[in-house]
Amino acid sequence: MELAGELTGAEITVRCLQEEGVEYIFGYPGGAALHIYDALFRQDKVKHILVRHEQAAVHAADGYSRSSEKIGVALVTSGPGITNAVTGIATAYMDSIPMVVISGQVPSTMIGEDAFQEVDAVGITRPCVKHNFLIKDVRDIAPTIKKAFYLARSGRPGPVLVDIPKDISFQKTTFNYSDPVVIRSYNPPGEGDMNQVRKAIQLLMTAKRPMMYSGGGVILSGASAELTELVRLLGFPCTNTLMGLGAYPATDKLFVGMPGMHGTYEACMAMQNCDVLIAIGARFDDRVVGKVEHFNQVQRKIIHLDIDPSSIAKRVKVDVPVVGDLKRVLNQFLVELRSIKQKPNAADLAVWWKQVNDWRFKGGGLKYNNSTEIIKPQYVIEKLYEVTGGDAFVTSDVGQHQMWAAQYYKFIKPRRWINSGGLGTMGFGLPAAMGVQLINPGATVACVTGEGSIQMNIQELSTCKQFHLPIKVVSLNNRYLGMVRQWQEFFHGNRYAESYMDALPDFVKLTESYGHIGMRIDKPSDVEPALREAFSRKKDLVFMDFQTDPTENVFPMVPGGKGLSEVMLDPNMPHPEVEDL
Amino acid sequence: MRHIISLLMENEAGTLSRIAGLFSARGYNIESLSVAPTEDPTLSRMTIVTSGSDAVIEQINKQLNKLIDVVAVMDLSDGEHLERELMLVKVPAAVAASEAFKRAMAVFQGRFIDTSNSTCTVELTDIGVKLDEFLQAVGRDQILETVRTGASGIARGERILKL
Ligand SMILES: Cc1ncc(C[n+]2csc(CCOP(=O)(O)OP(=O)(O)O)c2C)c(N)n1
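Quick note, the sequences are listed as chains A and B, same order.
Residues 0 to 580 in numbering that gives the first Met the number 0 are what the first sequence spells out, letter by letter.
Residues 0 to 162 in numbering that gives the first Met the number 0 are what the second sequence spells out, letter by letter.
Because the hints were derived from the structure by calculation, they are not lab data.
Treat the numbers as computed from the prediction; the structure is a model and nothing was measured.
We put the CB at the ideal spot given by N, CA and C, even for glycine.
Any given hint might turn out to be false.
Only pairs whose alpha carbons sit at most 25 Å apart, straight line, appear in this in silico BS3-like list of lysine-lysine [to be verified]:
#	chain 1	residue 1	chain 2	residue 2
1	B	K61	A	K290
2	B	K61	A	K326
3	A	K146	B	K129
4	A	K313	B	K101
5	B	K61	A	K69
6	A	K146	A	K44
7	A	K326	B	K65
8	A	K313	B	K61
Sample of chain B residues with no beta-carbon within 12 Å of chain A, all distances over it, derived [stated by the list, open to error]:
#	residue
9	E11
10	P40
11	V70
12	R83
13	K101
14	A105
15	F111
16	N116
17	C119
18	L134
19	Q135
20	R139
21	D140
22	V146
Pulled out of the complex, with its shape left as it was, chain B reads as follows:
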């Protein structure tokens, strides 16, 4: 099953490779991984999207907790949570001007953020599957370039991951 795991870690060189190394050494899946410092600059927050049996997910949580630089781990999938992913898409100006593209932009609430003589770049923020749908709506052969951040996650309501 797909799980989205959130963790706080020391904002230090090497922490990221400890986590990435753990996943590759133990053969766990990483669908996406996103990380950046928090309001407390000594801490970084990471969101990992992974998948596996319940036993594997339990091990992933325990193994992450065991890393000395990991301060706190929360499996967001244990409760209600929100997910968002940012995507930038560059298309030819002609595609951007098409009615179909504009419709897709309206449906998926995209924003135009850059244009040049021949290209146009848009920004979308949503859950991963919605971004997939947008790409499908536009059509793969119409797209020049796509970049996605991977999901960031946060629990709903009072559930908080903080030191």
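Bound-form chain A, shown alone:
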């Protein structure tokens, strides 16, 4: 019997999105998702952005999340729809990005029969989601979607998948979204243990060579202001990982740059040689600390603040763990520090800062040999920073251009630097920029990319046209898979196996064919005028194809398998000798 006021599973799904305040979802239709698409069609609160490939839908939802405090949502069909989405889901998972992915599934009565476009979505995504669900009863749709949003955003965030069989999306039941979520097995941490906080502070007070190292967790927890205050209160050197850039203003003198494989000399040396390291929402990634055995050669005490206990003591031994939501934990630190009125030893700190500044001097900051003949990629990023006043949202793809953007664009605010750090997904930049632009209408959004990466999702230029997204694509075109070429130059005897990008399209014509503006820039003197011209076109997508030096390498570099103090500096730049520890 059908009761008045009953809705189909598909209608319920859309109602849930409305209840969650979702303004945009990114997706691509197909058979198993058609009831949901029909329900979307019959309402106008949730706007659907039709991408050109499901991977892009997920990256767009991801960029939407990263650049706001909202949850990005993607909608895909069964089979190839969900398999195309997997790279995007894994990308979000590795960087702990909150996201809800809804996938259509073949009718529940046909599951297991190798039905047309059947794939075990829950099975395929299991290792790269925070959690996932296969709906078996129409009455479960609303509570499950509510759970999915709650799980995605709470604790250590992450993507959550809800797989809805087609028949269930057409069955009917009443809609209720008011019941609170209870998951007895899931209690995300709140405040940190005060005893641990006190222990950590005591350790910080006795440090002679303290170092603060923060990662993406600070940004996810919205704790940049607290971090900034703490760093200033203590006066310690501070580094932000690739995922944490913008949490502490890069223009500040206490900031020593990014650590790790392509970090600054001073950040690498300070990480390696400090005697007390406080890690805040960072996970001692291999790209950050280099070879762990080498890192462990130096005796130091480690304090680790993180919401996820499994991040603590995973790769390095930790002396004082503090588990909790970073915003709250950092506040506990601030309150306690102010109440004890104890200060770090100024004399010790001065000696340490002298050492750190010596390293800064030796490393030469981030410098490169500029040229009047050929465009240096670093120069483009420096000018991008100037032209956008340091206030753009910058997405990137993966490769050398990503590292140069991270190094040379000085992020002063959180959620402005949007890149795939953990998975390193080429093809992320442009679709992520679409999500960023939608949730930040009117903002300046630049996508720094390479001619390799951009071709992995270049079809999205079409989506940008349809939805009027005035993204500025800054392509550093070196005709190489540059990062691969760099490794081949250093570690494979200059044998450039398959890293030359032959048969490149004419990016200007290509962009124009999608209805946008294309520019090709060959001369260093044209870089700045081109950027100014492009960024003055507030309503247009402009694709800037910068012909950059194909031989340029990213420095500093800690080669894979090496330690942080084995960092290589640019051999073509002067590096004055300074005394080391």
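With chain A's structure known, arrange chain B with the ligand on it following the hints.
Here is chain B with the ligand on its own, set in the frame of chain A:
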């Protein structure tokens, strides 16, 4: 070192594969794994026997706890605990009738649970090493078939894993 980890999990489809998947994805060892619903039908209890360095065991416990469907985790090896494993062994009737076999059955407190014209099946419950010893005493070439459940574990005394 060998560890025996006990956990309570939601009795739902897919939970088992999340746990098995965690072990294979992160390269942890599973020596045995046994699972069944508890007196509360919404919960299943699993016993996992694994091995690894202290750091690896710590990660295993944390990673298990992190799974949404896992309700509670206890490393039984942290305290005194009991372990039992059930084994069924089928031997030819002639072997079952031998004095050596009967002696082994008496020593290891086995039970005869099925006989046919040509075979005999026995049941033993003990800790794993004892079951190994029984198999050795009987001799591998005398055995038709062996099936073991893997260890189930419970803490001694007042230590309880319950919701
Ligand atoms: C999907 C994917 N495939 C392969 C790689 C390996 N990879 C890392 S960097 C890189 C080269 C990127 O080339 P390009 O986008 O032109 O940027 P460049 O390094 O030249 O700045 C490759 C192939 C990757 N990160 N992602």
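Structure-based check of each hint:
1. K61/B <-> K290/A: OK: K61/B and K290/A at ~24 Å, within 25 Å.
2. K61/B <-> K326/A: Between K61/B and K326/A the Cα gap is close to 22 Å, so the pair holds against 25 Å.
3. K146/A <-> K129/B: Given pair K146/A, K129/B is violated - Cα atoms ~47 Å apart, limit 25 Å.
4. K313/A <-> K101/B: Distance of about 51 Å is beyond 25 Å: violated.
5. K61/B <-> K69/A: Given that 25 Å is the threshold and the Cα spacing comes to 28 Å, the pair is violated.
6. K146/A <-> K44/A: holds (21 Å)
7. K326/A <-> K65/B: Answer holds: K326/A to K65/B is near 21 Å, not above 25 Å.
8. K313/A <-> K61/B: Holds, at roughly 10 Å.
9. E11: violated (10 Å)
10. P40: Holds, because the least Cβ-Cβ distance between P40/B and chain A comes to about 15 Å, which exceeds 12 Å.
11. V70: violated (4 Å)
12. R83: holds (27 Å)
13. K101: holds (48 Å)
14. A105: At about 46 Å from chain A, A105/B clears the 12 Å cut-off, so the statement holds.
15. F111: holds (41 Å)
16. N116: holds (41 Å)
17. C119: Fine: 39 Å to the nearest Cβ keeps C119/B off the interface.
18. L134: holds (36 Å)
19. Q135: Since the minimum Cβ distance to chain A is about 40 Å, Q135/B lies beyond 12 Å and the statement holds.
20. R139: holds (38 Å)
21. D140: holds (41 Å)
22. V146: Check passes; 27 Å lies beyond 12 Å.
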